[in-house]
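So the sequences go chain by chain: P and W.
When the letters of the first sequence are read in order and numbered with the working numbering, they come out as residues 1 to 116.
When the letters of the second sequence are read in order and numbered with the working numbering, they come out as residues 117 to 229.
Don't take each hint at face value.
Claimed, not checked - Cut-off 25 Å, straight-line C-alpha distance, at most; resulting in silico cross-link-like pairs (BS3-like, lysine-lysine):
1. W:K186 - W:K173
2. W:K152 - W:K186
3. P:K57 - W:K186
4. W:K152 - P:K57
5. W:K167 - W:K186
6. W:K152 - W:K167
Said to hold, decoys possible - Sample of chain P residues at the chain W side, in silico, Cβ under 8 Å:
7. Q54
8. G99
9. G101
10. L105
11. F107
12. G108
Just so you know, the hints here were simulated from the structure itself, not pulled from any lab data.
Since the structure is predicted, the reported quantities are computational estimates derived from the model, not experimental observations.
All C-beta atoms in this analysis are idealised placements derived from N, C-alpha and C, irrespective of residue type, glycine included.
The chain contents come next:
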Amino acid sequence: KAGVTQTPRYLIKTRGQQVTLSCSPISGHRSVSWYQQTPGQGLQFLFEYFSETQRNKGNFPGRFSGRQFSNSRSEMNVSTLELGDSALYLCASSLVPSGSGSGELFFGEGSRLTVL
Amino acid sequence: GQQVMQIPQYQHVQEGEDFTTYCNSSTTLSNIQWYKQRPGGHPVFLIQLVKSGEVKKQKRLTFQFGEAKKNSSLHITATQTTDVGTYFCAGFHFSGGYNKLIFGAGTRLAVHP
């Protein structure tokens with residue numbers, strides 16, 4: 001069974017640009033969550049999608065957005081990049097949404113974004 | 117807002133010593149999960165605890181969920197170099213008719229041979 005696939009794995013952008021990251025969940029998983037990880041900041045929740053609907057959103061500015069397609073693949077977009085957006089962006093899929101209060105997360109390898 | 121505090125932030129031990137990381141929540145948790153992230157890797161699910169006072173073991177790892185379901189701990193007996201990594205707890209908070217999963221900041225474990 002293939003795991004969670006994230007693309008691209010590494011990317012370098014400059015301030016002001018925008019970026020789109022992609023996540024393909026494990027087959028059969030309809031819940032996809034996105035996290036930002038920076039050194040010393042742990043895992044900061046961005047948003048969660050289930051069946052193409054955003055179920056939950058973290059405390060990030062509107063420059064961070066996402067969507068989910070009918071095949072459960074998800075994308076997140078960051079517009080007007082800032083230096084502080086440099087981070088590892090992790091996608092996690094699950095059989096059930098977090099609202100169920102259960103269900104383990106399967107994380108992808110992440111997309112490492114560097115903003116210059 | 118809801119918070120999950122995890123301590124210590126960092127610990128280094130000699131191989132063979134024990135290690136414990138603690139997770140505390142400001143509110144009652146529905147369930148709690150633990151994940152391990154190896155250096156350069158991604159978080160990997162270890163276990164989920166559901167019941168008040170629950171204790172689960174995985175070889176040298178012992179996980180506990182407090183009676184009040186507000187705290188949890190992970191104890192590793194006789195650490196090995198393969199235990200190196202960051203351990204995260206993640207608690208499900210039920211609020212507004214919906215559960216939210218909140219991660220602790222993690223405990224980074226270094227094991228010296």
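Hey, does the G108 (chain P) contact hint survive, CB to chain W under 8 Å? The hint holds - G108 (chain P) has a Cβ within 8 Å of chain W, the shortest such distance being about 6 Å.
Hinted pair K57 (chain P) and K186 (chain W), Cα distance within 25 Å: Holds, at about 23 Å.
Regarding the pair K152 (chain W) and K186 (chain W), is the alpha-carbon distance no greater than 25 Å? The given pair, whose Cα atoms are some 21 Å apart, holds under the 25 Å limit.
Have a go at the L105 (chain P) hint: is there a Cβ in chain W nearer than 8 Å to its own Cβ? holds (6 Å)
Is it true that the CA of K152 (chain W) sits at most 25 Å from the CA of K167 (chain W)? Holds, because 21 Å separates the two Cα atoms, which is no more than 25 Å.
Closer than 8 Å between Cβ atoms is the bar; does G99 (chain P) clear it against chain W? Give me holds or violated. holds (5 Å)
Would you mind confirming whether the straight-line C-alpha gap from K186 (chain W) to K173 (chain W) stays at or under 25 Å? Answer holds: K186 (chain W) to K173 (chain W) is near 20 Å, not above 25 Å.
Hint check: K167 (chain W) vs K186 (chain W), CA-CA at most 25 Å. Holds or violated? holds (11 Å)
Between K152 (chain W) and K57 (chain P), is the straight-line Cα distance small enough, at 25 Å or below? holds (24 Å)
For the restraint on G101 (chain P), tell me whether the closest CB of chain W is nearer than 8 Å. holds (4 Å)
Go through the hint on Q54 (chain P) and say holds or violated, using the shortest Cβ distance to chain W against 8 Å. It is violated, given that the least Cβ distance between Q54 (chain P) and chain W is near 12 Å, above 8 Å.
A closest beta-carbon separation below 8 Å is what the hint needs, so does F107 (chain P) meet it against chain W? holds (4 Å)
Going through the hint list in order, the structure does not satisfy hint 7, though it satisfies all others.
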